[in-house]
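A.B. asks: Now for the letters of each chain:
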Amino acid sequence: MASSTYIANIPRRSGVRVLYDRLRGGDEIAYLVTLACAVATLLIVALLVGELWINSQPTVKTFGWHFLTSSRWDPNSGNFGALPFIYGTCVTSFLALLIAIPLGVAASVFLAEMAPPKLSNILTFLIELLAAVPSVIYGLLGIFILVPLIRDYLVPVLTKLFGYLPIFSGDFYGVSFLSAGMVLAIMVVPFIVSVSREVLLAVPTDQREAALALGATKWETTWQIVIPNALTGIFGSIFLALARALGETMAVTMVIGNTPKITASLLSPGYSIAAVIANEFAEASGDLYVSSLMFLGLVLFGLTIIINAVARILILTTQKRGA
Amino acid sequence: MNPALIGSPSQPVTLSDAKLSAKDLSFYYGTFQALYNISLSIAPHKITAFIGPSGCGKSTFLRTMNRMNEILRNTRVEGELTLDGQDLLAMDVTTVRRRVGMVFQKSNPFPKSIFDNVAYGLRVNGMHKRSVVEEAVERSLTHAALWTEVKDKLNKPATALSGGQQQRLCIARALAVEPEVLLLDEPCSALDPIATLKIEELLFEIKSLTTIVIVTHNMQQAARLADYTGFFFMGKLVEFDDTRVMFQNPHKKETEDYITGRFG
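Chains as they are written, first to last, in the working numbering: chain H, 1 to 323; chain L, 1 to 264.
Read the hints as simulated data drawn from the structure, not as lab findings.
Do not take every clue at face value.
Among the chain L residues that face chain H by a calculated CB cut under 8 Å, a handful are [claimed, not checked]:
| # | residue |
| --- | --- |
| 1 | Asn66 |
| 2 | Asn69 |
| 3 | Pro111 |
| 4 | Phe115 |
| 5 | Gly121 |
| 6 | Trp147 |
| 7 | Arg173 |
| 8 | Val177 |
Coverage of chain H stretches by chain L, computed from C-beta distances (three or more under 8 Å per stretch; other residues unrestricted) [stated by the list, open to error]:
| # | region |
| --- | --- |
| 9 | 243-250 |
| 10 | 260-269 |
Yeah, the Cβ is synthetic: ideal placement off N, Cα and C, and Gly gets one too.
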C-alpha cells in the first residue's frame with residue numbers, strides 16, 4: 001500500500017515534457033547520432049557500388065561476363081576485357097605479400113620480443129613514418145633506385161639460377177610485375193610491422209611466464225606460445241597490407257609498365273586495375289570505354305571483398321582446428 | 001617432520017638435507033631493494049608457506065627461486081641460492097625452471113587443448129614419444145585430481161574449463177615435467193572455497209612427489225597446509241619456523257600482530 005501511495009505522489013508530466021527529459025538524459029541522442037553515422041558509412045558504400053554499376057551498364061550489356069574472361073583491351077577497335085588487369089593486380093599483390101610477410105613479421109618479432117624497449121620504440125616510430133610517405137614518392141624511389149638495382153643485381157642472378165622457370169624467363173626492361181611487386185612490398189611492410197608488433201606486445205605476460213616456467217627457452221616461448229597467441233592479429237595486419245596492395249595506384253603505375261598483357265614472366269611489363277583507371281580515365285572517349293573503366297572499378301571492389309572473405313574463412317578454419 | 005626443527009629457535013633454519021637454500025639473499029628492482037638478506041632452507045617433501053602483507057616480498061622471493069624475475073629488466077640478485085647444494089644462480093636457467101616448477105596466481109592455460117597444455121613441458125624438454133607423453137599426461141592429471149573430469153575431453157580447449165579446473169590443469173602441467181620443487185604463487189586467490197579445498201587436498205597428496213613452496217594471503221590456508229611457515233614483512237623474513245610454532249607461539253611480536261589480525 002505504502003509504495004503505491006508513493007508512486008501516486010510523483011507529479012504527472014506531459015508526453016513532450018517526458019520526451020524532453022529523456023533526450024536530455026543522453027541515451028537517446030547518443031543512440032540516434034551513432035546510428036546515423038553507422039548508416040551513413042553503409043550508405044556511402046551502397047552509393048559507390050550503385051553508381052559504378054549504373055555507369056558500367058553499357059559494358060555489361062555489350063560484353064556480359066565475357067568482360068571478365070577476355071584478355072583483349074583495345075579501345076581503338078572497341079574491344080574491352082578485364083583479365084590482364086585482374087591478373088596484374090593479383091600477381092603484384094601476391095608478390096608483395098610474399099616478400100612483405102616474412103620481412104614484416106620477423107621485424108615485428110624482433111621489435112616486440114628481442115629489442116630493448118627504447119630501441120624498439122625508436123625503430124617503430126621510424127617504420128611507422130614509412131607508412132605516411134606519399135605513394136608517388138615510393139614510385140620515384142622505384143624508378144630511380146629500385147629498378148636499377150633489380151636490373152643490375154637481382155635479375156642477372158635470377159635468370160642465371162632460375163632462368164629455366166617461365167616466371168623468370170624473357171628480357172627485363174626495368175618496368176615489370178617484379179618491380180611493382182617489390183615497390184608494393186616496401187610500401188606494405190610498415191603496416192605489417194606496426195600492427196603485428198602491437199598484437200605481440202598485447203600477448204599477456206602470464207602466457208610467457210607459463211612457458212618459461214616449464215623450462216622453455218625465450219625463443220621457444222616466442223615461437224610456440226607468443227606468436228600463436230597473436231596469430232589472429234598478425235593475420236589482421238596482413239589483410240591491411242593486402243588491401244593497400246590491391247588498391248595502390250600511383251606507385252604501381254610508375255613501375256609496372258602499363259602494358260595490358262598476360263605473361264607468366266615476372267620480368268615482363270603488365271598492368272593493374274587501379275593503374276589503368278588512373279591512366280586512361282581522363283582521355284577515355286566514348287561511352288563504352290568509360291563504362292569499361294567503371295566496371296573495372298567494380299571488379300577491383302569485388303576482388304578486394306572476395307580475397308578478404310577467403311582469407312577470413314581461412315583464419316576461422318585454422319582457429320577452430322588450433323583451439 | 002624433521003625433529004631438529006620442532007621447537008628449535010627460529011631463523012635462520014638450516015638443514016643438512018635442504019632442497020633449496022638461501023643465504024643472505026637480497027633482491028633489487030632497479031634501485032629499490034625488495035628483499036633484505038633472506039636466509040632460509042626449504043625442507044624436501046614438505047609444504048613451506050610464506051605469508052605477509054601485500055608488497056612484503058614473499059612473491060619476489062618465490063620468483064627468485066626459479067629465476068622468473070630475470071625476465072624483468074634492471075633486476076639484481078645478491079647472495080647465495082642453492083638447489084641440492086648446487087649454485088642455482090649459476091645454473092642454466094632453463095634447467096633451473098624445469099627442476100623448479102611454478103604455478104601462478106591467475107590460471108594461465110595456453111590456448112591449446114587440455115592434452116597439449118599438459119604435454120607442452122614434456123615436448124619442450126625434448127620428449128616426443130607419443131606413448132610416454134600420453135602416460136605422463138594421464139599421471140599428471142590424476143595427481144592434479146583432474147583426470148576423471150577431463151579424460152573424455154582431452155582434445156577440448158583448456159580455456160573452456162572452469163576457473164578451479166584451469167588452475168588444477170596448470171598444476172598438472174607443472175607436474176608433468178616432474179619438478180623437484182613446485183612453487184605456487186597465491187594459487188587459490190581467484191577461486192571459490194570448494195575449488196580452493198580441492199587444490200589444498202591435492203597439494204597435500206603430491207607432497208610425496210615434490211617439495212612445495214606456497215605463497216598465500218590466506219593465513220588459514222598456511223595453517224592448514226604448511227609444515228613450515230615464513231612471515232615476510234617489508235622485504236625481510238621476520239620469522240620462519242614450524243607452522244604450529246608460528247601460529248601458536250610466535251617468537252616475534254610482528255608475527256603475532258599479523259597472525260592475530262592487528263595489521264596487514
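A.B. asks: List in ascending order the numbers of the hints, as given earlier, that are violated by the structure.
C.D. replies: 2, 4, 6, 9, 10
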